[in-house]
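Enquirer: Here is what each chain is made of, one letter per residue.
There are 4 protein chains.
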Amino acid sequence: MSKNLFKGIISYPITPFLTGDGGVDIKTLEQLIDRLIQDGSHAIAPLGSTGESAYLNDEEWNAVAEASVKQVAKRVPTVVGISDLTTQNAVRRAKFAEKVGADAVMVLPISYWKLTEREIFQHYATISEAISIPVMLYNNPATSGLDLSPELIVRIIKEIDNVTMVKESSGDIQRMHRITQLSNAEIPFYNGSNPLALEAFAAGAVGWCTAAPNLIPAWPLRLYEASLAGDLKQAREVFYKQLPLLQFILKGGLPTTIKAGLQLRGFDAGVPRKPLLPLDSAGQNELAALIKQLDG
Amino acid sequence: MSKNLFKGIISYPITPFLTGDGGVDIKTLEQLIDRLIQDGSHAIAPLGSTGESAYLNDEEWNAVAEASVKQVAKRVPTVVGISDLTTQNAVRRAKFAEKVGADAVMVLPISYWKLTEREIFQHYATISEAISIPVMLYNNPATSGLDLSPELIVRIIKEIDNVTMVKESSGDIQRMHRITQLSNAEIPFYNGSNPLALEAFAAGAVGWCTAAPNLIPAWPLRLYEASLAGDLKQAREVFYKQLPLLQFILKGGLPTTIKAGLQLRGFDAGVPRKPLLPLDSAGQNELAALIKQLDG
Amino acid sequence: MSKNLFKGIISYPITPFLTGDGGVDIKTLEQLIDRLIQDGSHAIAPLGSTGESAYLNDEEWNAVAEASVKQVAKRVPTVVGISDLTTQNAVRRAKFAEKVGADAVMVLPISYWKLTEREIFQHYATISEAISIPVMLYNNPATSGLDLSPELIVRIIKEIDNVTMVKESSGDIQRMHRITQLSNAEIPFYNGSNPLALEAFAAGAVGWCTAAPNLIPAWPLRLYEASLAGDLKQAREVFYKQLPLLQFILKGGLPTTIKAGLQLRGFDAGVPRKPLLPLDSAGQNELAALIKQLDG
Amino acid sequence: MSKNLFKGIISYPITPFLTGDGGVDIKTLEQLIDRLIQDGSHAIAPLGSTGESAYLNDEEWNAVAEASVKQVAKRVPTVVGISDLTTQNAVRRAKFAEKVGADAVMVLPISYWKLTEREIFQHYATISEAISIPVMLYNNPATSGLDLSPELIVRIIKEIDNVTMVKESSGDIQRMHRITQLSNAEIPFYNGSNPLALEAFAAGAVGWCTAAPNLIPAWPLRLYEASLAGDLKQAREVFYKQLPLLQFILKGGLPTTIKAGLQLRGFDAGVPRKPLLPLDSAGQNELAALIKQLDG
Chain A
1 MSKNLFKGII SYPITPFLTG DGGVDIKTLE QLIDRLIQDG SHAIAPLGST GESAYLNDEE
61 WNAVAEASVK QVAKRVPTVV GISDLTTQNA VRRAKFAEKV GADAVMVLPI SYWKLTEREI
121 FQHYATISEA ISIPVMLYNN PATSGLDLSP ELIVRIIKEI DNVTMVKESS GDIQRMHRIT
181 QLSNAEIPFY NGSNPLALEA FAAGAVGWCT AAPNLIPAWP LRLYEASLAG DLKQAREVFY
241 KQLPLLQFIL KGGLPTTIKA GLQLRGFDAG VPRKPLLPLD SAGQNELAAL IKQLDG
Chain B
1 MSKNLFKGII SYPITPFLTG DGGVDIKTLE QLIDRLIQDG SHAIAPLGST GESAYLNDEE
61 WNAVAEASVK QVAKRVPTVV GISDLTTQNA VRRAKFAEKV GADAVMVLPI SYWKLTEREI
121 FQHYATISEA ISIPVMLYNN PATSGLDLSP ELIVRIIKEI DNVTMVKESS GDIQRMHRIT
181 QLSNAEIPFY NGSNPLALEA FAAGAVGWCT AAPNLIPAWP LRLYEASLAG DLKQAREVFY
241 KQLPLLQFIL KGGLPTTIKA GLQLRGFDAG VPRKPLLPLD SAGQNELAAL IKQLDG
Chain C
1 MSKNLFKGII SYPITPFLTG DGGVDIKTLE QLIDRLIQDG SHAIAPLGST GESAYLNDEE
61 WNAVAEASVK QVAKRVPTVV GISDLTTQNA VRRAKFAEKV GADAVMVLPI SYWKLTEREI
121 FQHYATISEA ISIPVMLYNN PATSGLDLSP ELIVRIIKEI DNVTMVKESS GDIQRMHRIT
181 QLSNAEIPFY NGSNPLALEA FAAGAVGWCT AAPNLIPAWP LRLYEASLAG DLKQAREVFY
241 KQLPLLQFIL KGGLPTTIKA GLQLRGFDAG VPRKPLLPLD SAGQNELAAL IKQLDG
Chain D
1 MSKNLFKGII SYPITPFLTG DGGVDIKTLE QLIDRLIQDG SHAIAPLGST GESAYLNDEE
61 WNAVAEASVK QVAKRVPTVV GISDLTTQNA VRRAKFAEKV GADAVMVLPI SYWKLTEREI
121 FQHYATISEA ISIPVMLYNN PATSGLDLSP ELIVRIIKEI DNVTMVKESS GDIQRMHRIT
181 QLSNAEIPFY NGSNPLALEA FAAGAVGWCT AAPNLIPAWP LRLYEASLAG DLKQAREVFY
241 KQLPLLQFIL KGGLPTTIKA GLQLRGFDAG VPRKPLLPLD SAGQNELAAL IKQLDG
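Going line by line, the protein sequences match chains A, B, C and D. Every letter in the first sequence is one number past the one before it in the numbering used here, and letter 126, counting from 1, is 126. Every letter in the second sequence is one number past the one before it in the numbering used here, and letter 77, counting from 1, is 77. Every letter in the third sequence is one number past the one before it in the numbering used here, and letter 60, counting from 1, is 60. Every letter in the fourth sequence is one number past the one before it in the numbering used here, and letter 169, counting from 1, is 169.
A couple of the hints might just be wrong.
[What the hints assert, rightly or not] Dumping the calculated DSBU-like pairs for lysine-lysine here, alpha-carbon to alpha-carbon at most 35 Å:
id : chain 1 : residue 1 : chain 2 : residue 2
1  : C       : Lys233    : A       : Lys233
2  : A       : Lys114    : B       : Lys7
3  : B       : Lys70     : A       : Lys274
4  : D       : Lys158    : C       : Lys251
5  : A       : Lys99     : A       : Lys114
6  : B       : Lys158    : D       : Lys114
7  : A       : Lys158    : C       : Lys251
8  : B       : Lys114    : D       : Lys251
9  : D       : Lys158    : D       : Lys114
10 : B       : Lys99     : B       : Lys70
11 : D       : Lys7      : C       : Lys99
12 : A       : Lys70     : B       : Lys233
13 : C       : Lys99     : A       : Lys7
14 : B       : Lys27     : A       : Lys114
15 : C       : Lys158    : C       : Lys99
16 : C       : Lys274    : D       : Lys70
17 : A       : Lys99     : A       : Lys158
18 : C       : Lys70     : A       : Lys114
19 : A       : Lys7      : C       : Lys114
20 : C       : Lys274    : A       : Lys233
21 : A       : Lys7      : B       : Lys114
22 : B       : Lys274    : A       : Lys274
23 : D       : Lys274    : D       : Lys27
24 : C       : Lys114    : A       : Lys158
25 : A       : Lys95     : B       : Lys7
26 : D       : Lys274    : B       : Lys233
27 : B       : Lys292    : A       : Lys274
28 : D       : Lys158    : A       : Lys251
29 : D       : Lys274    : B       : Lys114
30 : D       : Lys7      : D       : Lys274
31 : A       : Lys114    : B       : Lys251
32 : B       : Lys27     : A       : Lys292
[Said to hold, decoys possible] Covered by chain B, according to a simulated footprint, are these stretches of chain D (three or more residues, beta-carbon under 8 Å):
id : segment
33 : 102-113
34 : 175-184
35 : 191-198
[Said to hold, decoys possible] Output of the computed footprint for chain A on chain C, the stretches with three or more beta carbons under 8 Å from beta carbons of chain A:
id : segment
36 : 28-34
37 : 188-200
38 : 219-231
39 : 238-245
FYI, nobody ran anything at the bench for these hints, they're computed from the structure. Where is the CB? At the ideal position from N, CA and C, for every residue including glycine.
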């Protein structure tokens, strides 16, 4: 399978919850996935941070994984997020994702107790051995509590067969430089930090994993296309236009702000799961203004 | 109920797992709880960080909570740890703990997405309303990913009835000063940072929550007693003697090092759950030497 | 005077010291300035961090300022660095720089005691009132111990007449975004962090202040030219080629590594002033290899 | 010479400046030193951070050093602060301090460029060789920009003859633990962080270097005496009483707040040197209230 299975704009759908009992709203999820694909996303990444996978029980997680892959239906590739606290359950979920047809899994080694490099390596090795689809290593210290150095990332990718690509969400451009240097530019890297999108493409990222297409699908595509064409001035221009919205959704928490934005777009996807609270009305007004500016 | 329900040495039992299938080993847990009480612990705190509660499923968690409270059998007070990602499951666990007879719960608001102060407050309020036993607020940014300021902590305790005490594990003595100042020394605070034990007592902590009694029960008691007597020289002396071991168990991760130490003590409590790995042999040798120095 | 007085590659000459008594070696400094201009630098910035201005007494500082401006002789613009601990001496130096013909001064408010925003603002206002040439605000927390927020930077530039541009050396690309946003892209910003050169140009920097031209003058020019032309692929390619050397000179300290590199280039500019020590032989070998790769 | 030359409360006089021309006001300095000794300080430390030594030129520095030592007149020991950017000037000042009769020097290796451990070691070695009086190593990352690890501190003290004691101002109690452990409690350490005074004595500090005696001389003495007597309850009580003032003077910058406080005490010692500004009127009111509470 090609290393470059994924490129361009890789979109995270949020996970909608039903009101009242609060279970997963599969029907709305399917509609959202259709929207993202119709709007041009190059790949779909369910059950990421934006998808509130941390707040789902196993049954809910399975339902979302299965429905997502089925709904995408190979129109674009699907990469399913795996971020369990135990290796055992991470393996279980990875195997389930493979079984239902995911093209890849994106593995974030989260911590309660800080993990040593040996423990992180072993976690990836165990998951990787259990499946045949590629693994995208995912580093996101702000949510996971673990920070994988570029040296460790490159070693894992070189030494474990199925781990073939990396999503870097630390927001530190020097990590991308270092990964490029350590791998002679042979490891495809993806950017997961919205406000770094321009510079990550400048530094050679092959894709941008983002929740922004839920709200403003055309803008991330424009940035990607300008970058792909090597047109720096156009890339800069479209980046600065969408930057205020990217900053807003990051600062407010992606499930919170994306769900509020979908409501503003007339697409009811409910609210995030507690302890997360819905965006307050001041935030809704600010978000509405930011969206309007980009629609204008 | 008295605010000073808890004082002195509050011990965390580890959670033993069976080999093979890896389920919880309740029988060994019961023996460990007996040891801790016989060795002089003033309270028992199951399902804390040391108890690997983050790595248990709901059924296992229930079994440990019920067995722990039953085995303690009111010989000393029991405080059960609650650290769920969703408010809903935190409430469920808190109610279960109350039902099986816990004297209090210790609530750590862990994060995937960073929580706002409003979300943290609401999390505590919701749990507190659901139960009648006291809540110990717990701040531990290194494991939970959330750092509650002294101002927020004091506000929660003042405004939410059942929340009556705080365990501070940031390791920053200035937080304890600040809590004391903001509450006119009326909020009982407990120290959860092992290498800060001497100074926390100096600053007025009423208790020390620690896993050290699993391995060296007499030493934390000696520090507490000297502090209680106001004997600074004796407190300093017994603190520096046990400090190397306290530093070691913190640095190596408590489940990892305490389980290795119990093995060295001839008490087989198994190994931690993956991705955590057992202590390597160099670490075991170092730990054995540290224990021997304190036994001598 | 145009806001865009400076653009492109703004080079820092080191300050050479005589052996033995260790006074300033003005003759060698003049030769170095000639080299930098002949090699294509768009501006010269004496008495910056690289110029060890922190280690010069007033007399030496005056001598370097005067000789530098005289030697540049308006072939390109000159911006003289001002980084005194007292406002009084900063004013004295700024006036001296203006008197001897500098085109601008670059003011870094260094701290012993942390300064409040009011103190920083007043420092800039006092210096600015004392001279008529433009002031480049300079933020470099790693050396100065003070970190000016984008909000403060933009306020100073908007409210104090002579302060018209900013050099950002924090290495954080988000600061450049923020300055651009807060000023509607009207404040020219310069990058002072070598490993951020590609991304700073991508984000819209009008110049790059760097010591690299002392050793590899063609490479920074190539990056600037590709960026100016909007050719992202070429910019990326020439950036990654020079990145290892940029990382090396930053990590080893600029006076230390640039003086060692000049020696390797056959240009004897002495060694840095103590407590700084000359580059050790392992470092010299590594630097020689990095230079050779770029010359090849 | 005894290692325990210094113990107890080591007071920093501020450096008063004349109004108008702003030169050093030696006469007022002499009066202040008398006050500090009469009020019970166990040692005097001129030209520290509080003494604004960073903002003095060489001539002023010499005048303050000479006048201070002469005025103390061996009633108590004197330790003169040395914090120059160049080794050469640090040596010159250390020799001057010895010549005019200082009992010791306190050396803070400040940085513009970050120094390597080799450079820091060499800086201490060069100064130490040039004089015969003891050197107190001083670590204060917040003002100096350099952070010396306990390992480096202990190595310097073990390997360089004249360096015999350490003042730790990082505010991190774990550093004091580590120095004690690495030296078998044989290196005398002094605390330079005001809000850590209680815990530093608990951990074994032999002295507290502080500017507080300029304003509230009785209170630091009470804390020291209770700690020396091993009376933890009394130590805690007197510490919490003075803590709000200690926090205030630290937060506002010592020269700024101590000079304002002296004014409130009816002792006119002028204002700090620019860029430092005098305490504003809200701050003055707050400080007056804090002093009044302790006087009452």
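Enquirer: Against this structure, judge whether each hint is valid.
Expert: Verification of the hints:
1. Between C:Lys233 and A:Lys233 the alpha-carbon distance is near 13 Å, which keeps this suggested pair within the 35 Å criterion.
2. This hinted pair checks out: A:Lys114 and B:Lys7 have alpha carbons roughly 29 Å apart, not beyond 35 Å.
3. Between B:Lys70 and A:Lys274 the alpha-carbon distance is near 31 Å, which keeps this suggested pair within the 35 Å criterion.
4. Distance restraint check for D:Lys158 and C:Lys251: the Cα-Cα separation of roughly 29 Å lies within the 35 Å cut-off, and the hinted pair is therefore satisfied.
5. Proposed proximity of A:Lys99 and A:Lys114 is supported: the alpha carbons are some 31 Å apart, at most 35 Å.
6. A threshold of 35 Å between alpha carbons decides the hint, and for B:Lys158 with D:Lys114 the separation of about 46 Å lies outside it, so the pair is violated.
7. Between A:Lys158 and C:Lys251, the direct Cα distance comes to roughly 27 Å. Compliance with the 35 Å bound is thereby established for this hinted pair.
8. Annotation: proposed proximity of B:Lys114 to D:Lys251 holds, straight-line Cα distance about 28 Å (limit 35 Å).
9. A threshold of 35 Å between alpha carbons decides the hint, and for D:Lys158 with D:Lys114 the separation of about 23 Å falls inside it, so the pair holds.
10. Simply put, B:Lys99 and B:Lys70 have alpha-carbon atoms about 11 Å apart, close enough for the 35 Å limit, and the pair holds.
11. Proximity of D:Lys7 to C:Lys99 is assessed by CA-CA distance (about 52 Å); at most 35 Å being required, the pair is judged violated.
12. Annotation: proposed proximity of A:Lys70 to B:Lys233 is violated, straight-line Cα distance about 69 Å (limit 35 Å).
13. Between C:Lys99 and A:Lys7, the direct Cα distance comes to roughly 57 Å. Violation of the 35 Å bound is thereby established for this hinted pair.
14. Between the alpha carbons of B:Lys27 and A:Lys114 the distance comes to roughly 28 Å, so the proposed pair stays at or under 35 Å and holds.
15. For the proposed pair C:Lys158 and C:Lys99, the alpha carbon gap of about 26 Å is at most 35 Å, so the pair holds.
16. About 31 Å separates the Cα atoms of C:Lys274 and D:Lys70, which keeps this hinted pair within 35 Å; it holds.
17. Taken as a hint, the A:Lys99 and A:Lys158 pair is honoured in the structure, with Cα atoms around 26 Å apart against an allowance of 35 Å.
18. In summary, the hint linking C:Lys70 to A:Lys114 is not supported, as the alpha carbons are separated by about 58 Å, beyond the 35 Å threshold.
19. At roughly 46 Å between alpha-carbon atoms, A:Lys7 and C:Lys114 are farther apart than 35 Å, so this suggested pair is violated.
20. Restraint check for C:Lys274 and A:Lys233: the C-alpha separation of about 45 Å exceeds 35 Å, so the hint is violated.
21. This hinted pair checks out: A:Lys7 and B:Lys114 have alpha carbons roughly 29 Å apart, not beyond 35 Å.
22. A hinted pair counts as satisfied when its Cα atoms are at most 35 Å apart, and B:Lys274 with A:Lys274 qualifies at roughly 28 Å.
23. At roughly 21 Å between alpha-carbon atoms, D:Lys274 and D:Lys27 fall within 35 Å of each other, so this suggested pair holds.
24. Our distance criterion of 35 Å between C-alpha atoms is broken by C:Lys114 and A:Lys158, whose separation comes to about 46 Å.
25. At roughly 48 Å between alpha-carbon atoms, A:Lys95 and B:Lys7 are farther apart than 35 Å, so this suggested pair is violated.
26. A hinted pair counts as satisfied when its Cα atoms are at most 35 Å apart, and D:Lys274 with B:Lys233 does not qualify at roughly 45 Å.
27. With a C-alpha separation of about 48 Å, the suggested pairing of B:Lys292 with A:Lys274 is violated against the 35 Å cut-off.
28. With a CA separation close to 50 Å, the supplied pair D:Lys158 and A:Lys251 exceeds the 35 Å bound.
29. Between D:Lys274 and B:Lys114, the direct Cα distance comes to roughly 41 Å. Violation of the 35 Å bound is thereby established for this hinted pair.
30. Between the alpha carbons of D:Lys7 and D:Lys274 the distance comes to roughly 34 Å, so the proposed pair stays at or under 35 Å and holds.
31. Of the pairs offered as hints, the one joining A:Lys114 and B:Lys251 holds, with about 10 Å between alpha carbons and a cut-off of 35 Å not exceeded.
32. Simply put, B:Lys27 and A:Lys292 have alpha-carbon atoms about 63 Å apart, too far for the 35 Å limit, and the pair is violated.
33. As drawn, the segment 102-113 of chain D meets chain B at 0 residues by the rule of a beta-carbon pair under 8 Å; below three, the given contact is violated.
34. Three residues within the 8 Å Cβ limit are the bar, and the segment 175-184 of chain D against chain B gives 3, so the coverage statement holds.
35. Residues of the segment 191-198 of chain D lying with their CB closer than 8 Å to a CB of chain B number 3, which satisfies the three-residue condition for coverage.
36. By the rule of at least three residues with a Cβ nearer than 8 Å to a Cβ of chain A, the coverage given for the segment 28-34 of chain C is violated, with 0 such residues.
37. Requiring three or more residues with a Cβ within less than 8 Å of a Cβ of chain A, the coverage given for the segment 188-200 of chain C holds, as 4 such residues are present.
38. Counting residues of the segment 219-231 of chain C whose beta carbon lies closer than 8 Å to any beta carbon of chain A gives 3, which meets the minimum of three for the stated coverage.
39. Counting residues of the segment 238-245 of chain C whose beta carbon lies closer than 8 Å to any beta carbon of chain A gives 3, which meets the minimum of three for the stated coverage.
Taken one by one, the earlier hints fail for this structure at numbers 6, 11, 12, 13, 18, 19, 20, 24, 25, 26, 27, 28, 29, 32, 33 and 36, listed in ascending order.
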